[in-house]
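Student: The chain contents come next:
Protein chains: 2
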Amino acid sequence: MTITEFQRRIREIYFDKDSRRGRDGTFRWLVEETGELARAMRKDDRSNLEEEFADVFAWLSSLATLEGIDVETACAKYSEGCPKCHATPCMCQEKIA
Amino acid sequence: MTITEFQRRIREIYFDKDSRRGRDGTFRWLVEETGELARAMRKDDRSNLEEEFADVFAWLSSLATLEGIDVETACAKYSEGCPKCHATPCMCQEKIA
Numbered sequence: 001m002t003i004t005e006f007q008r009r010i011r012e013i014y015f016d017k018d019s020r021r022g023r024d025g026t027f028r029w030l031v032e033e034t035g036e037l038a039r040a041m042r043k044d045d046r047s048n049l050e051e052e053f054a055d056v057f058a059w060l061s062s063l064a065t066l067e068g069i070d071v072e073t074a075c076a077k078y079s080e081g082c083p084k085c086h087a088t089p090c091m092c093q094e095k096i097a
Numbered sequence: 001m002t003i004t005e006f007q008r009r010i011r012e013i014y015f016d017k018d019s020r021r022g023r024d025g026t027f028r029w030l031v032e033e034t035g036e037l038a039r040a041m042r043k044d045d046r047s048n049l050e051e052e053f054a055d056v057f058a059w060l061s062s063l064a065t066l067e068g069i070d071v072e073t074a075c076a077k078y079s080e081g082c083p084k085c086h087a088t089p090c091m092c093q094e095k096i097a
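Residue numbers (our numbering), protein chains in the order written: chain A, 1 to 97; chain B, 1 to 97.
Same shape as in the complex, but just chain A (with noise of 0.2 Å):
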């Protein structure tokens, strides 16, 4: 499944929704949702952990659609490589700690 593809199907689910609670209240979902993904870890729930990922991208999704973002699109800066460096692996000094 292409990212496009998932947030054309969560953008058919919830758009309705995500439009009528607008980007503030979506971006509380998507902290929220993020929170349940740390739970999710600490008690290390193996089926439990998949869905909050899923749940994290699709609230992200959401929020894209609600501020006109295409994720694909925007995930080109990674196409060749670090965006920082240009390597891959990346060999920035930084984002080790």
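Treat the hints as calculated values from the structure; they're not laboratory data. Please note: incorrect hints may appear among the correct ones.
Any copy will do: because identical chains look the same in the list, a pair fits if it lies in one copy or spans two.
DMTMM-like mimics (lysine to aspartate or glutamate), calculated; alpha carbons at most 25 Å apart, straight line [what the hints assert, rightly or not]:
| hint | residue 1 | residue 2 |
| --- | --- | --- |
| 1 | Lys-43 | Glu-80 |
| 2 | Lys-43 | Glu-5 |
| 3 | Lys-43 | Glu-12 |
| 4 | Lys-84 | Glu-94 |
| 5 | Lys-77 | Glu-5 |
| 6 | Lys-17 | Asp-70 |
| 7 | Lys-77 | Glu-94 |
| 8 | Lys-17 | Glu-72 |
| 9 | Lys-43 | Glu-33 |
| 10 | Lys-43 | Asp-70 |
| 11 | Lys-84 | Asp-45 |
| 12 | Lys-17 | Asp-44 |
| 13 | Lys-17 | Glu-32 |
| 14 | Lys-43 | Glu-32 |
| 15 | Lys-17 | Glu-67 |
| 16 | Lys-43 | Asp-24 |
| 17 | Lys-84 | Glu-5 |
Chain A is fixed; fit chain B onto it per the hints.
Tutor: Showing chain B alone in chain A's frame:
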């Protein structure tokens, strides 16, 4: 680009650093980037906003790889519509606020 291809690309670029940093430090980066997304929303800088969506997804992909989760497989929970009400569009009474 499929979700799996993006996760693989991010792994190729960052896995060495991600694995040395570990899952907690990588989660911290995910949250930091989510904060940058919030700031880009506030400033309404379209170019920066697009970049921040890609960065949040990249860090989510890094974290999933460290946790042994395939994001595309995880996303299958949305393949039959809303995972709770199984409808497209979602008919759940929740998630509006």
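Student: Find the hints from earlier in the document that the structure breaks and name them by number, from lowest to highest.
Tutor: Numbers 1, 2 and 3 - these are the hints that the structure violates, sorted from lowest upward.
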